[in-house]
Amino acid sequence: MRGLLFLRLLCCIGICCFACEAAGIMEALTTEKLTRASKMVILGEVEDLKSQWSETGEKIITRATVTITRVIRGKSASNQLIVEYDGGEVGGIGLKVSDVSPLRKREKVLLFLRPKDADDGPDVFNIVGRAQGKYTIHENGVARKSGFVVAGERSEIDNNIPLEALIQKIRAVATENLKE
Amino acid sequence: MAHRKRVCRITAICFAMIVGVVCCFGNSFSYEVSRSGEGAEIKWANPNATYFVNPSGGPLDSISKIRAAAQTWTDVGSSSFAFAYGGTTTSTSYGVNDKRNTISFGVLDGGALAQNTFWYLTDSGEILDSDIRFNTTYSWNNTGSPGGFDVQNACTHELGHSLSLDDLYGPNDVEKTMYGYISLGEIKKRTLDPDDAAGISYLYPGPDVEYSLAVHVVGQGGVTLNPDGGVYAAGAPVSLTAVAEPGWVFSAWSDDLNGSKNPETVTMNKDKDITATFDPAPQFTLTIEAVGEGDVGLVPDGGIYEAGTLVEVTALPLPDVGDRGIFVGWSGDLRGSENPTLITVDSDKTISAKFLEVKGVDGRLLNVSYVDPDNIDTTQGKPGSFPYGLMEMELETSLAGETARVTIYLPKAAPAGYRWYKYTSSAQWVDFTREIISGGTGDGAVFNADRTEITLYITDNGPYDDDPKDGVIKDPSGLGFVSPDVSVRSSSGGGGGGGCFIDALVQ
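Chains A and B are the protein sequences, given in the same order. Just so you know, we're using the numbering used here here: the first sequence kicks off at 1 and counts up by one. Just so you know, we're using the numbering used here here: the second sequence kicks off at 1 and counts up by one.
I should point out that these hints are in silico values taken from the structure, not numbers from a laboratory. Check the hints yourself; a few may be wrong.
As the list claims (entries may be wrong) - Cβ pair distances, simulated, as ranges:
| no. | chain 1 | residue 1 | chain 2 | residue 2 | range |
| --- | --- | --- | --- | --- | --- |
| 1 | A | Thr67 | B | Asp109 | 25 to 33 Å |
| 2 | B | Thr350 | A | Gly92 | 31 to 39 Å |
| 3 | A | Gln168 | B | Ser212 | 23 to 31 Å |
| 4 | A | Trp53 | B | Asp109 | 16 to 24 Å |
| 5 | B | Pro263 | A | Asp117 | 39 to 47 Å |
| 6 | A | Trp53 | B | Tyr85 | 27 to 35 Å |
| 7 | A | Glu84 | B | Asp123 | 22 to 30 Å |
Said to hold, decoys possible - Every beta carbon over 12 Å from chain B, so not counted as near; a handful from chain A, in silico:
| no. | residue |
| --- | --- |
| 8 | Glu47 |
| 9 | Asp48 |
| 10 | Thr56 |
| 11 | Arg73 |
| 12 | Gly74 |
| 13 | Asp86 |
| 14 | Gly92 |
| 15 | Asp99 |
| 16 | Arg106 |
| 17 | Asp123 |
| 18 | Gly129 |
| 19 | Ala131 |
| 20 | Ile137 |
| 21 | Ser146 |
| 22 | Arg171 |
Nothing here was measured: the structure is a model prediction, and the numbers come from that model. By construction, the Cβ of each residue, glycine as well, lies at the ideal position given by its N, Cα and C atoms.
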């Protein structure tokens, strides 16, 4: 009986974890596609979040400071980088974008990144594939992503995957990419 | 007419059983609602939203399919929400907070097939604007054919986001419109699952919807509901007041209400179970110690009190002790000499009431009173402290110029080094030891052998009598103590004024 209750509790927690973000409908991006589209793939922890109005004043963006704990693909001159994404809350107004999975303070993440643009400096990045390019690393070592609706074959994407297995896949693609 | 109030009392065992059932099988997991960073549920302030459609770039007949998707949500009978079609627009604005909800077709980056944005107020959660865009990079149709994505199918899902419903991913969510996966040719999201309908009904309940409020109690106390009843129209505010039984205090709300504010108001937007927890009130002990011949009365009596109880304490010198007993002050967790006085029992406390016994031997003791030493400002030669405070006496002699003799009985022997001190207006503070004052034959103070008694000799109209009347010696004696930093000075004589100090010999 206790085991059954525990399973129900796990289900509830799982549903809550998945369901906290609005999601857009997205084309499924495989690990290979994400890796190839990335300049850098890192493992890190979200240190700080700051939301602000975009330069045009038409939307709110959030800049997250991420401390890098491991570079899986690419090179980084610093142990921190900035990740920018749409949405956030500023001055009493909030914006949610459906296929963005917001970062959370102290969240441990694996991110597929591409440089935003030169004007923002070398350390400002966007997440490739928006919500699909962000894995949350759970304490049990499982990498999980959420916050999007996959159109097409969902088995194409790696989700609920052990972190080390995911890293091996990324490195295999990156190595192959170098050979090409 | 005053509302009749209901007090609910249910045992802790019942509470535990009910909460367990709600957590596992309650309907709160069948849909999910977006929240702001401040925790407010994100939703439209009024149960309606007007949308405009820019069909440019979409398949033929997209307007009717989009309208059909909106109507699907509007048709939920248990919800008051209605999407209103505002007509077509040529605006290509997307994701901009222009208070105009637009559904359009266009290019989206990041691999999104369709995207929804909404603006909201972070404190109230009120939605200000919501736009939907279908990415024309992909193939769309209005037939459900497997060669593309069905507009109505995807739009019904995206409009769910516009209502503030989140995606669901559980194995039991597959048939729901808010399920987080969509496929080519899929049309099942065109129709709502009962849980989708429950979601919109939760956010925007219909006028006939009622919700129940079940209150549970842990500990000893009750909860008053205003208005009474337990079943309320959707959206109705209900005030809950936790009322603790004597000896108990309200601790906190739990389940569908958190915090410890009391009273608290909830809005009935779903069936709610709320538990009020009461804890035994902390009790503290008030310990009384009477030092000397006296007693202390307590109102209320008992000595053990709930936290914060105000207790009146009264020092009562024993009436049959000597000529006069005198209460000289409080010590411990109560200071001063006010009598009776009040003390708040907010922790375990110990207070001492100090009494001295005064007996007139030669002469008649008219009056004895306690004086706060701080009332004498003169600091020259003043002893460092007066734990017992200051005592004044008034004596009457039979004849003018007679010497009165008064004995003060101490509750405990005065340690070596303690002496009588006396204040005079001319001599200031003086050591009143008889040997010093008069060479041991006239005025002054003398301890007995075991230093439990002090006998004072004061001559009417002499240098230490402050009362000019013949036969009356006012304020002639006192008990003080020697402080190491106070030099002992002999009297310079010169009349009246003064007081005597009562030493804290029994600390």
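Original post:
Does the structure break any of the earlier hints, and which numbers would those be?
Top reply: 2, 3, 5, 10, 13, 14, 15, 18, 19 and 21
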